[in-house]
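Asks: The primary structure of each chain is shown beneath.
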Amino acid sequence: MFLINCPFCGEREQSEFKAGGEAHIERPKQPTELSDDEWAEFLFMRKNIKGVQFERWNHAHGCRKWFNIARDTSNDQIKAVYKMGEKPPVK
Amino acid sequence: MSNKYSFFSLLKNAFTYHENWQRAWRDPEPKKEYDTVIIGGGGHGLATAFYLAKKHNMRNIAVVEKGWIGGGNTGRNTTIIRSNYLWDASAGLYDHALKIWEGLSQELNYNVMFSQRGVMNLAHNLQDVRDLKRRTHANRLNGIDAVYLNTEQVKKFCPIINTSQDIRYPVLGGTLQRRAGTARHDAVAWGYARGADEMGVDIIQNCEVKGIKRNGDAVEGIETTKGFIKAKKIGVVAAGHSSVIANMAGLKLPLESKPLQALVSEPVKPIIDTVVMSNAVHAYVSQSDKGELVIGAGTDDYISYSQKGSHDIVEGTLNAILELYPIFSRMRMLRQWGGIVDICPDASPIISKTSVKGLYFNCGWGTGGFKATPGSGDLFAHTIANDEPHKLNAAFNLNRFISGDLVDEHGAAAVAH
Amino acid sequence: MSKNLRFKSSKLVDETYRISFKFNNKTYYGYKGDTLASALLANDVHLVGRSFKYHRPRGIMTAGSEEPNAIIQLHDNTSRTEPNVRATEIEIYEGLVASSQNCWPSVDFDIGGINNILSPLLPAGFYYKTFMWPKSFWEKYEYFIRKSAGLGKSPKEADPDIYEHRYIHCDVLIIGAGISGIMAAKMAAKNGLKTLLVDEKSFLGGSTIYDNSEFLKINNQITSSWLEKEINEISKLKNLEIKTRTSVAAFHGYNFLLARENLTDHLPISQRKNKVRHRLLKIRAKKVISATGAIERPLIFDNNDRPGILLSSAVKKYIDLYGVACGENNILFTNNDTAYETAMSMVQRGIKVNAIIDNREEIVSKLSYEVEKNNIKIFKGYTVVDTYGYKRINGLSIMQLSKDGQKVIGKKIKLSCDSLGVSGGWTPAVHLFTQSGGKLKFRENDQVFIPNKYPSDQLSIGSCNGDFSLEEITTNTILSVKKFLNINDIDYNTFEIITGINKSKRNIWLLPSDKILGKTKSFVDYQNDATAKDIKLALREGFRSIEHVKRYTTTGMGTDQGKLGNMHALGIISETAGTKMGEHGTTTFRPPYTPLTFGTIVGRNVGEFFDIIRRTPIHDWHVTNNAKFENVGQWKRAWYYPKANENMHQAVQRESKAARECAGILDASTLGKIDIQGTDASEFLNRVYTNAWSKLAIGKCRYGLMLNEDGMVYDDGVTSRLDENHYIMTTTTGGAANVLGKLEDYLQTEWPELDVYLSSVTDHYATISVCGPHSKKIVSKVIPDLDFSDEKFPHMSFKNAKIDQIKCRVMRISFTGEQSYEINIQSNYGKSVWEKCIEAGKDFNITPYGTETMHLLRAEKGFIIVGQDTDATMTPIDLQMDWIVSKKKYDFIGKRSLYRSDTIKDDRKQLVGLLTENPEEVLEEGAQIVADIKKSPIEMLGHVTSSYYSPNLNKSIALGVVKGGKKMLGQKLIIPMENKNINVTVADPVFLDKEGERLNANL
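Protein chains in written order, with the working numbering: chain A, 84 to 174; chain B, -8 to 408; chain C, 141 to 1143.
Keep in mind that the hints were calculated from the coordinates and are not lab data.
On a predicted model such as this, the values are computed, not experimentally measured, just so you know.
Just so you know, even glycine gets a beta-carbon here, dropped at the ideal spot from N, CA and C.
In silico lysine-lysine, DSS-like type, Cα no more than 25 Å apart, as pairs:
1. Lys280/C <-> Lys147/B
2. Lys148/A <-> Lys882/C
3. Lys217/B <-> Lys720/C
4. Lys579/C <-> Lys201/B
5. Lys112/A <-> Lys1035/C
6. Lys776/C <-> Lys971/C
7. Lys882/C <-> Lys170/A
8. Lys281/B <-> Lys280/C
9. Lys275/C <-> Lys45/B
10. Lys581/C <-> Lys57/B
11. Lys90/B <-> Lys269/C
12. Lys982/C <-> Lys917/C
13. Lys243/B <-> Lys130/A
14. Lys281/B <-> Lys269/C
15. Lys201/B <-> Lys133/A
16. Lys112/A <-> Lys882/C
17. Lys3/B <-> Lys661/C
18. Lys217/B <-> Lys133/A
19. Lys146/B <-> Lys296/C
20. Lys3/B <-> Lys655/C
21. Lys166/C <-> Lys143/C
22. Lys133/A <-> Lys579/C
23. Lys593/C <-> Lys133/A
24. Lys293/C <-> Lys147/B
25. Lys287/C <-> Lys146/B
26. Lys426/C <-> Lys101/A
27. Lys130/A <-> Lys348/B
28. Lys344/B <-> Lys201/B
29. Lys101/A <-> Lys422/C
30. Lys1103/C <-> Lys382/B
31. Lys46/B <-> Lys275/C
Counterexamples of contact, computed for chain C against chain A with all Cβ distances above 12 Å:
32. Glu354
33. Gly550
34. Phe624
35. Asn765
Listing some non-contacts, in silico: residues in chain B with all C-beta distances to chain C over 10 Å:
36. Gly207
37. Glu214
38. Lys344
Taking the hints into account, I'd like the entire structure generated from these sequences.
Replies: Encoded structure:
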């Protein structure tokens, strides 16, 4: 169980958080303009990276804020934590 | 077969102190080129190679495995085999596999210890009851031997379950598939490996795929730690690492790879003679032939390739085990481990062609791929050999994520497959 | 007792406190401080159990948690019975009852012993090669295999003991209280760090604490005396917490560790009542220091498993700690100096040592000279080639080793003995280190794996780090701990070590024999009966990786997890395959370090604490009024209220009729409630619901349907506009938490520009729904000041009001199709308002109804229940709810998915009503629906989602989903049951009052 440094509350147990999958997949602004293919890309297709992944987490049993982290999925080491709307840190 | 296994061969070899047994499979260096390369030497991959050779008369095949065969999810799962799935497509797929299981030891001349001790699924709330009845009716009409049991029948079939109606989530009923059961996981990989090897398939261990070479829309071969291997067709059966391979080919898949944990107790004399699964309180348990209680935990909700999950998941599972089996409180956990499961949004697998010519994927089995091993290998072999799916795996294509024609098995699969 | 095996003044045993215990139905005596193993040995009992596969007699082999053989069943046939307990770990207490396992009828005479004779037929993996014919017989073979497998017996009763968890956060955790652990603890705690020191034993000091040898001294003091002073000193340090009988089970990432503190297992059972048995410590340490020591290696030779064969360090421990000799006629067999320490302990106590057999040709330590001075014969350059004695070793034969150690030469010499101590050197206990993700490196000169790369802020010290000599241990511990903790101020400035031990070792993984390998039984894994020839067979058959060999031979898979033999397995593999150690893997040590009781892991989360129970504010009233309850998520909801002699069906029929004919009252407090505020609240609702919200007037309510982004129905409920920028949303009971989570997700991540605030208020309000033709009269009585006229207070609107000065909100919304009012009031007034309604409704036959009746009433109206009539494959169009899907709105969650090539198909499964041919016949929910029963395979068109006997329509009604059902109105279909086929007709899902007249109907 890792420790996550919530940008709003500080370091807490992972069990307080909920994972939200790959980050920076923006919901299309004009879904109706998209083909079925393009919509499926948004809905289902994921990089599912082994290595440093940018991903969303929610402090579900705390401040309930969503934020992003950069985590190496091969060993679960967290490299960076950053708020929603911020640019991902350069690797 | 030069190396046939039987009681008599065992007896014969006893006289020479078992020093004349042949290798179960060779350890070849990769050739420059193969007609088909299977990436991933787990049960599904080895079965694919086996059926490509056996049923499609292909011989120039290699299975490349980055570690040792059967060392991934094949060797880490809780070995539950059943086919009582809800939708027609799934029932067809899993029952196809179950039928092969029933003769697999003989087909492979390798005892995979398929043991039809039955699998029981429990209902703990009224919606569980509706869902299980729905599934049972569907199973019956699909020719699958599932029956619905009331609480007393559940108790009778597995007397150690706590069926008191005073517990937090009492058992309200369940379903039973008697043809279902368990098998010896390692033996499945080893048996297929031995069978495939005998037909000339090269099983190349410690050979990690580093890249997929494409020539326009078609595959050309794979870059590996043992050099470049040319291949006309590539079948990827890499389970948790499917996306990693897909990314090498410039594809994205609808998968997330998550930790799934399991554990065994110390071995004890027979105490539970069937497999019992409960999705609602999340506990499933069986007892291995060795005597260990084999207990499956759930997945974590985050992507990870670390083969480690969080302790909370294990604790939650054992909470549920003790809720249903208070007699196990003084049993001890001997070993716990994790695997990486690749999960599709609809909890159903993908056995499909891709947009790249000659590149095929067999993945997305989530928490329950072991049971499908023989069927999955057979159908994937068919798909690769014919460049089109068999009717039994037609529904499990990649296009369903675009059209929306999903095979949603969350109810039947849940977290506990 | 004929032999005198017990000596006075040992370290741990209190000879004034005698304890009686039973083993295999015979009463024995031991002393306080004894383990079961030491007490049995003192009574000259070596035969303790039978091995897993060959049922060979086995005895006590070690003095610790690495024990593979001496595992017993504790308190058989009682609620406290426990299988596979290590005799070497359990401390004896008055009344202890233990018995041998895996033997029948007794450990002395075990029928299963026949397996030993059959062993030529049972090589590694034999079961993969046979039992395949005839095909149908596997189950029969398997029955016997299962019966003979397993070790102890599972308990049959619930556990009378209690367990608990404790969270500990510390600066430094030190695992192991041997000399290096004690030193590290002192350094850490004295420098102000919050320190926790744990050890699995009941005492501190590890193996140094019983070292009374003249050959090991610190600052000119015997090491044990020096260490005792240190222990005395640290026990007074304030910021150091010390826990004995505490075994670290798991070392997870981010320095999260689990340890089991054993609190009562050493107490007489009469003293355990109401005490916590085990406490699971969940430790989060800033820094971890592993000082877990080393485990002595056995030697691998023919018949190396007989009772009476122990590790040499165990022989020494039994003497020094417990004052017990393992035999009267002892031989030691070694490849290093360790056995000489044992020999000196024996000499000190006057225990006879017949001989030492040493693999080494040259032995140069002071210690060995001392041993020789005591007239103990040392066979240099020799090895044991065989042992004798079935249930107890009574002799052995030795031969000289060739120069390369691969062969034996010369004459065979027979020696007699009743105990053999073996030492193959030491293996650092790196289990926890590797569990944490640490990588090992192999040290060639003494053939050990030692920590190489730390994955977290941790350090290994002492012999678990490969430091075996006292000098190395103390010097390196001081240096590395200082650096690791970044401290300067330490007490250990002068350190003088005297040692008489030499580090030389002649490591031969598999000792040669004069027999061919196939005729030997050289055990590598004692518990599972895996031998050297099994490993070689596996290699011959192509299993190369250690994981393959382990699985094929079951080496290292026993309850000891291969703590003794794994290294030898690796060694034999590398020697046989001609590869480097570690090239075929090092085997992963998986948690837990020693087996961990399920009850310990679960702690208090059993029984009523398994999962929290959510109760409504009116719960007690339901209980008092004989309600039966249904679990809905974590909620307890009143299901129905049977009167005397009523069954569920009768109660539900009565409740349903009353609700339509008079008045019904339902506790709807469990529905999720989300308070939504902000200037963009309307826009937000537009985006999350399928229908439009901007034009909803203040004071009005509207039903909304929420989809997943994949277009499938996710949740539904009524949302009311309290003010221009203020709404209250209701959700389903089960969906409340998820809906809130989803809304927050979209708000924070996709639409941060929206000015909207969400707050869950589910628990803040009690919700009381009064429905039926008398409902208006009843609520008017409860709230006399409010104008309930249809003009002022129409359907789908709400009013703020007061009941006895307490503010409440009354919503006129209906899930039954009847005129219906929902009173929402601060939770703590819920029960009294409920009682007021009951009182006010007395004259109108107001009838409390539960969820079952609610389901029936809504089904009569064709209202769906999300999760029952829908699964994750139903769109609103499929539900024939096109009317709620706004065509005008540019976008809402899930909209795009409704236009995918599959979701636009018009023959998808669609919600319909179903009427049975026989109106008395009630369909089974979940039953499948077909059109053509003769077709093979039968094509299933859909299934029955809801089904009831309607007392208001006097017939059976059902809802179901049917492929292309929208166009099948009036068509006949079949429900094929196991024993019959039921004919049904597709109907409109609204069975009652399609016009909605009852919404305003009064009596």
